[in-house]
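Chains as they are written, first to last, in the working numbering: chain W, 2 to 182; chain Z, 5 to 195.
Note that these hints are calculated values from the structure, not bench results. Mixed in with the good hints there might be a few duds.
Unchecked claim - Facing chain W, a subset of chain Z residues (Cβ under 8 Å, in silico):
| hint | residue |
| --- | --- |
| 1 | Asp-19 |
| 2 | Leu-33 |
| 3 | Arg-128 |
| 4 | Val-129 |
No experiment lies behind these values; they were computed from the predicted model shown. Ideal Cβ positions, reconstructed from N, Cα and C, are used throughout, including at glycine.
Below, each chain spelled out in residue letters.
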Amino acid sequence: MFRIDFNKLRFLICDDNPHMRRILRTLLHSFGAREAYEAEDGATALEMYTHYVPDIVITDWAMPIFDGLELAQMIRQPEAKGNPYAPIIMLTGHSEKRRVTVARDAGVTEFLAKPISAKGLYQRILNVVANPRPFIKTKTYFGPDRRRNTNAAYIGPERRVGGEFEILQQPSLLDKARSGV
Amino acid sequence: MANKRADIEVKKYTDHQVITQPNPLRAVLRRVADDDIDDPVARAEQALSGLSGEFKQWMEIEVERLAAAHAAIIKGGFTKPARDELFRAAHDIKGDAATFGFAPAGMVAESLCRIIEHAPDLARVPSDLIVHHINAIQAIVHEHTKLDRISISNELSQRLRGVADKYLARVNHDRPEHLEAIMAPSIAPAD
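Given only the sequences and the hints, what does the whole structure look like? Please build it.
Below, the structure is given as structure tokens:
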């Protein structure tokens, strides 16, 4: 069994709602985290991301001006000055299937639908720490490998050409969002 | 603990690249015995319950924000900033209410979010439909200690959701992408 030394991790929390930031801060500190920086909008979060170089980003989706989806897209710029590979956990009140797909295609690593639970958050953090996914760069996408199982029969528009089927077998983001943990 | 780009390995294929690197966060993983008594999740749940004395006040603040957003719409109409603020206020309640112990308020807020997202023209939504949603959220929160939550609050939220869904299905009959989204089951974890 593995545990995480949270006191060695640096988090960036981005949520416009002060109550949810307080909840997240409380959960992370209870897990053992000491460094959790907070931003109340995407633009501030992006500045803090470059400045503090967090290990893990936890962001809300719906925020004024510059939302969590745009934040993920800005972080996932392969030529950016900052680290484009940091795990991004999208914590959101959105609860529709298509939102999971949109978040995944923006480069989000994990998706956690509210209401938040300590177990759900811990499992997402454990997964990004213990099972990092390779990154894929195509003309239209840069982010964690979106394939979660092998399907040689897939003939959709984004079928990759070449390469082996080296798949890190995991439940899909949608299945995990549905299960809540 | 930031990534060192020098460690990154890139395999190039016809139309994509696969980028791998040594796990930069591996150093924070620690193996413990299976019978290790430390339970970080239980610790966090306990800390969360320590905050619960503040949840009622937090919900009151969220409800005030929703009412203010609605008042701005009554005064100035569904401008984009006003519409967005009403959506965010309802959306925050949808996401937070169950955590704060007001799950039925979250269900009503979800129904309101669906109206805002899927009505083709918000200005043509019967004003009573929106008003009833906001009044219901206020009632559930303000009368929290008086209402029998299981019966009255749940029935209220389910009825409003039923009326809203019926309306949304009617006004979106020729918009299949919205109909599909309206009919799709929620992925939010159950209580």
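Cross-check of the supplied hints:
Below 8 Å, beta-carbon pairs count as interface contacts, and Asp-19 of chain Z has one with chain W at about 5 Å; its hint therefore holds. With a least beta-carbon distance of about 5 Å to chain W, the hint placing Leu-33 of chain Z at the interface is held under the 8 Å criterion. A least Cβ separation of about 23 Å between Arg-128 of chain Z and chain W goes past the 8 Å threshold, and the interface hint is therefore violated. This hint is violated: Val-129 of chain Z has a C-beta 20 Å from the nearest C-beta of chain W, more than the 8 Å allowed.
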